[in-house]
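Peer 1: One letter stands for each residue in the lines below.
There are 2 protein chains.
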Amino acid sequence: MAEQRPQVVIIGGGFAGLYAAKALKGAPVRITLVDRRNHHLFQPLLYQVATAALAAPDIAAPIRKILRRQRNVTVQLAEAREIDTAGKRVLLDSGELAYDFLIVAAGATHSYFGHDEWAEHAPGLKTISDALDIRRRVLLAFEKAEHERDPAKRDELLTFAVVGGGPTGVELAGALGEIARRTLARDFRNVNPGSARVILLDASERVLPAYEPGLSDRARLQLEDLGVEIHTGVRVTGIDAQGVHTGDSILRAGTVLWAAGVQASPLGRSLGAEQDRAGRVIVEPDLSIPGHPEVFVVGDQAAVKHGEGWVPGVAPAAIQMGRHAAANIKRALKGQSSEPFAYHDKGMLATIGRSRAVAQLGRMKFSGWIAWMLWLVVHIFFLIGFRNRLAVMLDWLWAYLTFQRSARIIMEERH
Amino acid sequence: MAEQRPQVVIIGGGFAGLYAAKALKGAPVRITLVDRRNHHLFQPLLYQVATAALAAPDIAAPIRKILRRQRNVTVQLAEAREIDTAGKRVLLDSGELAYDFLIVAAGATHSYFGHDEWAEHAPGLKTISDALDIRRRVLLAFEKAEHERDPAKRDELLTFAVVGGGPTGVELAGALGEIARRTLARDFRNVNPGSARVILLDASERVLPAYEPGLSDRARLQLEDLGVEIHTGVRVTGIDAQGVHTGDSILRAGTVLWAAGVQASPLGRSLGAEQDRAGRVIVEPDLSIPGHPEVFVVGDQAAVKHGEGWVPGVAPAAIQMGRHAAANIKRALKGQSSEPFAYHDKGMLATIGRSRAVAQLGRMKFSGWIAWMLWLVVHIFFLIGFRNRLAVMLDWLWAYLTFQRSARIIMEERH
Chain X
107 MAEQRPQVVI IGGGFAGLYA AKALKGAPVR ITLVDRRNHH LFQPLLYQVA
157 TAALAAPDIA APIRKILRRQ RNVTVQLAEA REIDTAGKRV LLDSGELAYD
207 FLIVAAGATH SYFGHDEWAE HAPGLKTISD ALDIRRRVLL AFEKAEHERD
257 PAKRDELLTF AVVGGGPTGV ELAGALGEIA RRTLARDFRN VNPGSARVIL
307 LDASERVLPA YEPGLSDRAR LQLEDLGVEI HTGVRVTGID AQGVHTGDSI
357 LRAGTVLWAA GVQASPLGRS LGAEQDRAGR VIVEPDLSIP GHPEVFVVGD
407 QAAVKHGEGW VPGVAPAAIQ MGRHAAANIK RALKGQSSEP FAYHDKGMLA
457 TIGRSRAVAQ LGRMKFSGWI AWMLWLVVHI FFLIGFRNRL AVMLDWLWAY
507 LTFQRSARII MEERH
Chain C
107 MAEQRPQVVI IGGGFAGLYA AKALKGAPVR ITLVDRRNHH LFQPLLYQVA
157 TAALAAPDIA APIRKILRRQ RNVTVQLAEA REIDTAGKRV LLDSGELAYD
207 FLIVAAGATH SYFGHDEWAE HAPGLKTISD ALDIRRRVLL AFEKAEHERD
257 PAKRDELLTF AVVGGGPTGV ELAGALGEIA RRTLARDFRN VNPGSARVIL
307 LDASERVLPA YEPGLSDRAR LQLEDLGVEI HTGVRVTGID AQGVHTGDSI
357 LRAGTVLWAA GVQASPLGRS LGAEQDRAGR VIVEPDLSIP GHPEVFVVGD
407 QAAVKHGEGW VPGVAPAAIQ MGRHAAANIK RALKGQSSEP FAYHDKGMLA
457 TIGRSRAVAQ LGRMKFSGWI AWMLWLVVHI FFLIGFRNRL AVMLDWLWAY
507 LTFQRSARII MEERH
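Protein chains in written order, with our numbering: chain X, 107 to 521; chain C, 107 to 521.
So that you can see chain X by itself, here it is in the shape it has in the complex (with noise of 0.2 Å):
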């Protein structure tokens, strides 16, 4: 009968919930998804969004469209606010779903360190809306700088600082280097975009601090070449609408973003386990949390031990934890127990612009074009969805031909 077949509640329509739910097809379980948004987003590709080289529904794709040939999953739109382990029931902000093995995949968000305040002057990019707010900010400066007829607010007009030297700062400055020099060089007539300013900012002492300090040179040295000034080993104390301030001094920019904390979405708080700093869950060797076999916590929002440090939070990891927990799963459903989660690292790669990234596979280690090849195959082969894989493809060929953003377009927001 399969109204007694055992209830799954997978939280998250991200990479960990999605393909823990499709480990689970074909399984005997029901399987409800449940997420707030509609879709699922290739956030790997989100700052291409937010800089205007691809269009929203290029990098997303409606969950119920992903998984609608796997029959034992209901996908539900709702937003997860509370879990009672202890009643096996997840409370949604739209009535309430019980379960019998429950996999909290809710992901992370970025964190301004206490510093809520800074989130109007700096967005930070997780969502699509975030891309396109970033979208909006930054080609609304070229336009008011075009007329501005006060040099020193042109100026301002004209410099972005990005906070953070990680991945994805290394990309939105990057990508905002080629924005001024190439794509709007001839659009303007009052100023010359390629006289903008972009700063990216990073309290350690050099950019993509995870990969080995080689590749942190090559990456510096690439980004030098479009331009992007570096401050490494910078404080910043706040940021408002002058700019950043860093201590004594301040760095005036019309444009901040945000790519430097992040946290771990706060459902993880009602689970009772331990959480670390960034509030991801503590779990078990086998992803399940203390005294609850039957809850798994997967994705960013875990904290898995590997090696001396910590399973990073990237897609392969993602996807890496949430089949695990998917198959610990079908172990219970036989009477088996489960097994530790072991992380394969298959290597990193950091995109900076055309012909430009760095890769990192074990010993491996590439810059330059080879790099940036890498990191186009590799992405494009993990798109969902083959019509997403074409629309990129299309993008991507036509701005590598033309040097041109096919998305440079500002979508208001509504009154």
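Heads up, a few of these hints could be off.
Since the list gives no way to pick one copy over another, a pair counts as held whenever it fits inside one copy or between any two copies.
No farther apart than 20 Å at their CA atoms in a straight line, the calculated lysine to aspartate or glutamate pairs in the DMTMM-like style are these [as the list claims (entries may be wrong)]: (1) K131 to D293; (2) K128 to D293; (3) K452 to E318; (4) K128 to D392; (5) K232 to E185; (6) K250 to E202; (7) K436 to E400; (8) K259 to D199; (9) K411 to E380; (10) K250 to D199; (11) K250 to E185.
It should be emphasised that the hints constitute simulated quantities derived from the structure, not laboratory data.
Once you have looked at the hints, place chain C on chain X.
Peer 2: What follows is chain C alone, placed relative to chain X:
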């Protein structure tokens, strides 16, 4: 001396304004094109963004990119607030612009015939933001129905009313019929999207009243084929959260879309010229306004006699008017008198759905597949930008082969 060349100000970067600017290429003038948005919008395909078939950037291109090689044009992102014809200047939200010649092409928006309170319950379709709002409402209605247990409420959520049987109403209703019956057919578990009701309402006796009666009949049959119910001769007396009121009865509908009335931009008022009931400025035969041969009004904002009636508010008419105003400015620069405008009616095309359309080209009438192919070819041809043409062709081919719509993304509003 370039600085002494006459100043032409163009208000609006729609079809009329953009083609006026292009027609002044190489003319001994300085041109400033003002628009409150950064993009030209290919409005004939806007309903496809609303119905999730296309992404917004597919049908929009930055005005400054389109005109970047035309060195006598400056593009300014600003909103025109008032025109001072005596002082020959345009007052903007930021600053003002003096002119020697003025082309007013600020377009039209939807009109609720004095019932602005209907707007929140029945969005119209004029901007990208409108289109994304409609897309959100339509997709959310199915999402909510999937988890609604009250059958009456579920039926209400699955009822879509389109008010207005002109080309936009017909296109929206046809697309909604296809979405329910084909695109979403297998995506839901609890509801059958195919049971959705799509109702097209119009006060006149037939749909597409501007077309010959035979083509209206063909359009009606093609719509009914897609499951659309057509209620003609119906007078809408109210729209609220419950649905559409028509006299004493009420049509309960969770989603109501407005495609009925159009009102010219209020900017026309400050010109001091006579206006018709829809706020369009009644222009002289040469498209200038009485007493001001240096001020032209073109596009949807102009009321221009054509035979017994008026030039219709369609893209080809706007293009022709924009070019004509530009030609009259060039004549004035040479000391020649202006020439009257003559509208060349190239015909009308309205699409209903896959392989369904009607076309009226002079005495020739087409419907079905051949009209649809005609519609496709004309719309691809007039789309601005080679990349956009490629992208739209890819999306259409994809939709044709799979019945899918590639932009089924609910973009949330920012809080």
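Peer 1: Confirm or reject each hint.
Peer 2: Here is how each hint holds up against the structure:
1. Taking the shortest Cα distances, K131 and D293 sit within 20 Å of each other only across copies (16 Å), while inside one copy they are farther apart (51 Å).
2. Within a single copy, K128 and D293 get their C-alpha atoms only as close as 46 Å, which misses the 20 Å cut-off; across copies the closest is 15 Å, which meets it.
3. Taking identical chains as interchangeable, the C-alpha atoms of K452 and E318 lie at most 20 Å apart only when both belong to the same chain, with a minimum of 15 Å there against 65 Å between chains.
4. In this assembly of identical chains, K128 and D392 lie within 20 Å of each other by CA distance solely inside one copy; the values are 19 Å within and 65 Å between copies.
5. Taking the shortest alpha-carbon separations for K232 and E185, only the intra-copy value of 17 Å comes in at or below 20 Å, while the best inter-copy value is 31 Å.
6. Taking identical chains as interchangeable, the C-alpha atoms of K250 and E202 lie at most 20 Å apart only when they sit on different chains, with a minimum of 15 Å there against 48 Å within one chain.
7. In the homo-oligomer, the alpha carbons of K436 and E400 lie at most 20 Å apart inside one protomer (11 Å), although the nearest pairing across protomers, at 78 Å, exceeds that limit.
8. For the homomeric pair K259 and D199, the shortest alpha-carbon distance between copies (19 Å) is at most 20 Å, but the shortest distance inside one copy (45 Å) is not.
9. In this assembly of identical chains, the alpha carbons of K411 and E380 lie at most 20 Å apart only when taken from the same copy (14 Å versus 76 Å across copies).
10. In this assembly of identical chains, K250 and D199 lie within 20 Å of each other by CA distance solely across copies; the values are 13 Å between and 41 Å within a copy.
11. For a Cα distance limit of 20 Å, the shortest separation of K250 from E185 across copies, 13 Å, qualifies, whereas the shortest one inside one copy, 38 Å, does not.
Every hint from the earlier list agrees with this structure, and none is contradicted.
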